Amino acid sequence: LRRLGAAAPRRALAAPAGITMPTSEVRRRKREEKRERERALEKERKLGKAEGGAGGAAVGSHGHSHSHGAHAHGTHGGAEEEKAKSEADMTPEERAAKRAADAAKCEALKQEGNDLHKAGSGSEALEKYEAALQLALRLNDAVAAGTLASNMSAVLLQLGQWDASLQFALQAMQWRPLWAKPYYRLGEALRFRGMWGRAKGCYEESLKHNPDDKHVLKKMQEMEELEALVTSTAHLSVRTPIIGAVLGVIAMAGLAVVDARLASPTLNNPVIVVFLAVVFALVGGGIGFVVRHFAAEARVRRLEPPANEWSKERGLEPPFTDGATTALRGE
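Mind the numbering: the sequence shown is residues 1 to 331 in this note's numbering, read in order.
Please keep in mind that the hints were generated in silico from the structure rather than gathered at the bench.
Computed from a predicted structure; not experimentally measured.
Keep in mind that the hints are not guaranteed to be accurate.
Stated by the list, open to error - Once the Cα atoms are required to be at most 35 Å apart in a straight line, the calculated DSBU-like pairs of lysine-lysine come out as:
1) 118 / 105
2) 118 / 98
3) 208 / 118
4) 219 / 208
5) 208 / 218
6) 218 / 118
7) 43 / 98
8) 208 / 105
9) 43 / 30
10) 214 / 105
11) 214 / 118
12) 118 / 219
Claimed, not checked - Simulated restraints, written as ranges between beta carbons of each label pair:
13) 32 / 96: 44 to 54 Å
14) 127 / 35: 45 to 55 Å
15) 140 / 89: 12 to 22 Å
16) 124 / 170: 17 to 27 Å
17) 115 / 214: 18 to 28 Å
18) 99 / 224: 41 to 51 Å
Yeah, the Cβ is synthetic: ideal placement off N, Cα and C, and Gly gets one too.
Use the sequences and the hints to build the structure in full.
Structural data, given as structure tokens:
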């Protein structure tokens with residue numbers, strides 16, 4: 001009341017510093033200031049009567065004011081009061097209508113996110129999904145929340161944010177533990193991080209809830225092949241150079257046998273024979289290292305996640321945090 005009735009008019013009508021106003025002007029200003037305060041007080045009284053009319057507080061002696069206040073509330077303050085009204089103060093019908101409106105808005109936001117995701121606008125799709133998720137949590141709708149978290153996991157995966165994708169997949173799994181999709185999302189996040197064994201377990205769990213999903217079955221078979229490649233490549237990194245050295249020694253031994261059968265053998269000196277055997281072993285081992293390198297590179301290309309345009313645009317690289325790629329290359 002002080003803000004509306006006194007302070008504002010005084011600030012508005014104050015004379016500039018260093019200027020002395022005539023007495024008549026001062027009196028006129030005071031009259032205007034008084035009228036401003038009276039108008040502000042009258043406005044406050046009308047607002048109070050309007051609120052009383054909307055809440056049913058005004059009675060017989062204020063009947064006219066009550067009807068006027070109710071009309072003012074309907075035309076000016078209805079939206080604000082409806083917004084401020086808590087759900088606890090609503091009637092069952094109002095609560096049902098509000099929940100239905102929130103559910104419809106949640107579904108609309110989810111559909112907008114789906115459309116943006118298909119159009120390639122991942123960041124904008126995330127914003128829509130997040131807004132829809134907040135509504136779903138407010139509605140205590142675990143099914144909608146799980147679906148939205150799963151969608152966010154898929155978008156984050158394509159954006160190259162592997163850890164965030166994994167976290168939303170776990171959230172979706174908590175909200176919808178009997179749904180196959182969160183387990184598949186989690187498996188994808190683990191696969192992109194190079195954790196193929198754990199990814200395979202998630203695919204298996206997804207198939208328990210949806211055995212007819214051929215796409216997930218194919219993914220699980222790929223994980224089995226990758227695990228076999230990991231094992232064979234690990235053996236390759238140690239075994240191939242040794243095999244090359246052994247083959248070099250065998251080649252030298254064969255050469256010595258052939259030379260001994262000649263009419264004029266040239267490898268009569270044992271020291272030369274041993275020296276040549278060492279040389280052949282080193283050459284064979286070197287060839288083995290070269291073969292291992294190219295074989296490991298070919299297999300690692302199969303083990304790395306598929307390229308996606310989201311990561312290429314942002315210059316992102318798959319973060320193999322468990323060192324799987326380094327181990328496969330034998331480094």
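Structure-based check of all given hints:
Taking the CA atoms of residue 118 and residue 105, the gap is near 20 Å; set against the 35 Å cutoff, the hint holds. Taking the CA atoms of residue 118 and residue 98, the gap is near 30 Å; set against the 35 Å cutoff, the hint holds. Of the supplied pair hints, the one linking residue 208 and residue 118 holds, its CA atoms being roughly 28 Å apart against a limit of 35 Å. With a CA separation close to 14 Å, the supplied pair residue 219 and residue 208 stays within the 35 Å bound.
Between residue 208 and residue 218 the alpha-carbon distance is near 14 Å, which keeps this suggested pair within the 35 Å criterion. At most 35 Å may separate the alpha-carbon atoms for a hinted pair to count; residue 218 and residue 118 meet this at roughly 23 Å. Note on residue 43 and residue 98: the hinted pairing holds, with a Cα-Cα distance of about 32 Å set against a maximum of 35 Å. With a CA separation close to 33 Å, the supplied pair residue 208 and residue 105 stays within the 35 Å bound.
This hinted pair checks out: residue 43 and residue 30 have alpha carbons roughly 20 Å apart, not beyond 35 Å. Of the pairs offered as hints, the one joining residue 214 and residue 105 holds, with about 34 Å between alpha carbons and a cut-off of 35 Å not exceeded. With a CA separation close to 22 Å, the supplied pair residue 214 and residue 118 stays within the 35 Å bound. At roughly 22 Å between alpha-carbon atoms, residue 118 and residue 219 fall within 35 Å of each other, so this suggested pair holds.
Here the CB-CB span from residue 32 to residue 96 is close to 53 Å, well matched to the stated 44 to 54 Å. Checking the proposed 45 to 55 Å range against residue 127 and residue 35 shows it holds: the Cβ atoms sit about 51 Å from each other. Distance hint check for residue 140 and residue 89: the Cβ-Cβ separation is about 19 Å, which falls inside the suggested range of 12 to 22 Å. A hinted range of 17 to 27 Å holds for the C-beta pair residue 124 and residue 170, which are about 24 Å apart.
As the Cβ distance of residue 115 to residue 214 is approximately 27 Å, the hint placing it in 18 to 28 Å holds. Here the CB-CB span from residue 99 to residue 224 is close to 47 Å, well matched to the stated 41 to 51 Å.
The earlier numbered hints are all upheld by this structure, with none contradicted.
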